[in-house]
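There are 2 protein chains.
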Amino acid sequence: MGAPLEGIRVLDVSRVLAGPFCSMLLGDMGADVVKVERIGRGDDSRSVGEKVGGESTYFMVMNRNKRGVTVDFRNPEGIELLKRLACEADVLVENFRAGTLEEMGLGWETLHKLNPRLILASISGFGQSGPYVDYAAFDMIIQAMSGMMDMTGEPDRPPVTTGTFLVDYATGLYTAFGILGALRARDQTGQGQRVDMALLDTAFSFLVTAIPDWLLLHKKMARRGNRDRYCAPTNLFTSKDGRYVFVAAATDGLFPRLARVIGREDMLTDPRYSTNVERMKRIEETEKILGDWVAERTADEVIELVRAAGLPCAKVATIDEVVEDPQLKHREMLVEIDHPAAGKFPMHGLNVHFSDTKEEIRRPAPLLGQHNKEIYGEWLGMTDEELARLRGKGVI
Amino acid sequence: MGAPLEGIRVLDVSRVLAGPFCSMLLGDMGADVVKVERIGRGDDSRSVGEKVGGESTYFMVMNRNKRGVTVDFRNPEGIELLKRLACEADVLVENFRAGTLEEMGLGWETLHKLNPRLILASISGFGQSGPYVDYAAFDMIIQAMSGMMDMTGEPDRPPVTTGTFLVDYATGLYTAFGILGALRARDQTGQGQRVDMALLDTAFSFLVTAIPDWLLLHKKMARRGNRDRYCAPTNLFTSKDGRYVFVAAATDGLFPRLARVIGREDMLTDPRYSTNVERMKRIEETEKILGDWVAERTADEVIELVRAAGLPCAKVATIDEVVEDPQLKHREMLVEIDHPAAGKFPMHGLNVHFSDTKEEIRRPAPLLGQHNKEIYGEWLGMTDEELARLRGKGVI
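Protein chains in written order, with our numbering: chain Z, 1 to 396; chain B, 1001 to 1396.
Wrong hints could be hidden among the right ones.
Every beta carbon over 12 Å from chain B, so not counted as near; a handful from chain Z, in silico [what the hints assert, rightly or not]:
no.	residue
1	R67
2	P131
3	K219
4	T269
5	K281
6	E386
Below, computed lysine-lysine pairings styled on DSS-like, alpha-carbon distance capped at 25 Å [said to hold, decoys possible]:
no.	chain 1	residue 1	chain 2	residue 2
7	Z	K51	B	K1373
8	B	K1315	Z	K281
9	B	K1288	B	K1329
10	Z	K219	B	K1393
11	B	K1113	Z	K329
12	B	K1281	Z	K315
13	B	K1281	Z	K220
14	B	K1083	Z	K51
15	Z	K220	B	K1358
16	Z	K344	B	K1358
17	B	K1358	Z	K329
18	Z	K281	Z	K51
19	Z	K240	B	K1220
20	Z	K220	B	K1220
21	Z	K358	B	K1113
22	B	K1344	Z	K51
Treat the hints as calculated values from the structure; they're not laboratory data. Quick reminder that beta carbons are idealized off the backbone N, C-alpha and C, glycines included.
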């Protein structure tokens, strides 16, 4: 069975993270994704972060399964090329600032008239309209504004953002989901539509109970480090060999198993610890009992004992351990792909595991303008002479 | 235009977070979602967290746009009912431990034979096979094992997990995306398939560059608090009125604007600060200059000045501020829904903003077994007598 998005053409003029993550997901599912970059520097992510073989690891991770073309976005002939490409596409993904597409002469009305079947997915910090429409934004700003950041970190320390740009990636996911919804709607109506996605909306949706808990009960989801909000003991502890170990055995259903593992069956009949309600009242003491037990053992000993009781437990793994993880290997989640400049390039694999449909990583990220001849030929039927002319004029 | 998933029937036997978040997304997009809960206690999330009108806010946030039925999962007649429901469904969502569905007599082979068009989406910590298949897992354990947690937090402090269960929600998103892919594949082949999703895969995909940067360059993404990894100054600062303010103006393109705002144009010609490379070498001094400037002003003053220069900037908002955010209101991201027990219940709105397709929140989360009569009647054509018999025997 072919990949689900086989035959779907995605024109991707987005840059950096949320947009490219979205179009990568579509490419992984079989879409023919063409990444359009401005001539000269290309996507900003080409110049961010570490380099291998002269190419940015950021760019290479985000842009697998795409072919790449260049165009001068400021040249009228370049805009004409984009229009012609949009006429051949099913989906256009963009994450310019709101209003930029319109200024380029590629607003939704224009695109929809040119190609009524086209789906336009727009990703921005705050959406295409509203009081914040002109504010600059990126992942960490949105974590701050959404309330997400205020909930993350230790109680007596400043809030912290997540270690990688989770709001960008999750917005890419929401957008990919929205695009598949719009494709399904198009199957019925024959018409494309605009999908308007905002990073702030994404982060807000992850607050979940914080919203009603505040508005109805005036309870705030305060920063709580690694403690569970409702059950004790669930926290991070330090082992004899200096490793962080996460142990969770907090519900009344699971706690008896933990008590037995740590040789403290007495806690099960001790009214101070026998129920979660009482343990939450004495959270420091409860955690100290477990913490002392962990501190007397190596991380591996702790994990072996706690897991044998069927309880959730884990070391805080570092990247050198994660890339050796046997489960991730079993799932084929670590893949290597041949890149013309970087050589064997390792990255995460395919997240959706279908039983029948064949998904695959078919190609590495493109070099800047690598597929100009191929795409302008395939999609637009351009001759070598036309391409040479456009190249000569600096349009592509 | 109707919602994209109108006419798609989703049978959801999943519990707590990742599964219910996934089926909520499908319901928001118009699917007819039936949540199946065990008789008696129902979904565990009914007894977690805060209560309003006797109902859990967790449950109510995760289960809008679903109807609810009960069944005894341990009763052979209950299993028969599930089989009959699965015959009427397009999608089955489950997040039991791997192997449980098979033990219940509802393994993929059985389901596929009963209803070849059915798509089975299975969510688990580690997937349906492999060395960790029997380990217990939940969001925080996966954050620890995946490497995500090791990257989140302050450099000289223990790692921290995110304030809400982002890996659960993102896995719900990946699964919803996978289900729409499988529906699209089914349009071609007429056949359903199994979609096997794992929390660990989700978190691993968010490591992005950490994977090649370690394997190819032996560079680790260390915890860095709120500092950007590549540009300075970008960090959290404290204002005169004691608020945390995030300011980002770190690229060589943007830094001149910041230097002018803080009255330090001299930095633009000072070789110690004029380029990002040099600022990164003197990150403490660079941040101190900006931090001192922020400390002399209120958060609102800082934001007004920095934003006027077109730079990204934000207060770390607390939930009481977030629910008043004018942009979120403009996007209709805060909605209120009438719940029979909790009354007016506020929660996040619809994330995918379609220009034509009508998405809506049609109903609140179900009470336990609220739609038994309706669903067993509509989907299975059961009479009141049959229902009474099953109720009498404790099957539903």
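Exercise for the section: Could you grab the alpha-carbon distance between K1281(B) and K220(Z) and see if it respects the 25 Å cut-off? Expected result: violated (39 Å)
Practice task
Could you let me know if the closest chain B CB is still more than 12 Å away from the CB of E386(Z)?
Solution key: holds (34 Å)
Problem - Hinted pair K1344(B) and K51(Z), Cα distance within 25 Å - result: violated (53 Å)
Problem - Straight-line alpha-carbon gap K1288(B) to K1329(B), limit 25 Å - result: Outside the cut-off at roughly 36 Å; violated.
Exercise for the section: Determine whether the non-interface label on K219(Z) survives the test: each CB of chain B must be over 12 Å from its CB. Expected result: At roughly 6 Å from the nearest Cβ of chain B, K219(Z) sits no farther out than 12 Å, so the non-interface label is violated.
Handout entry: Hinted pair K1358(B) and K329(Z), Cα distance within 25 Å
Key = violated (42 Å)
Practice task
Would you mind confirming whether the straight-line C-alpha gap from K220(Z) to K1358(B) stays at or under 25 Å?
Solution key: violated (33 Å)
Handout entry: Straight-line alpha-carbon gap K240(Z) to K1220(B), limit 25 Å
Key = Within the cut-off at roughly 24 Å; holds.
Handout entry: Holds or violated: K1281(B) to K315(Z), with C-alpha atoms at most 25 Å apart
Key = Status violated; Cα separation ~33 Å.
Exercise for the section: Measure nothing beyond the straight line between the CA atoms of K1083(B) and K51(Z); if it is 25 Å or shorter, mark the hint as holding. Expected result: At roughly 54 Å apart (the allowed maximum being 25 Å), K51(Z) and K1083(B) break the hint.
Problem - Distance restraint between K358(Z) and K1113(B), which requires alpha-carbon spacing of 25 Å or less - result: Holds, at about 21 Å.
Problem - Given pair status - K1373(B), K51(Z), alpha carbons within 25 Å - result: violated (62 Å)
In this structure, the hints that do not hold are numbers 2, 3, 7, 8, 9, 10, 11, 12, 13, 14, 15, 16, 17, 18, 20 and 22, in rising order.
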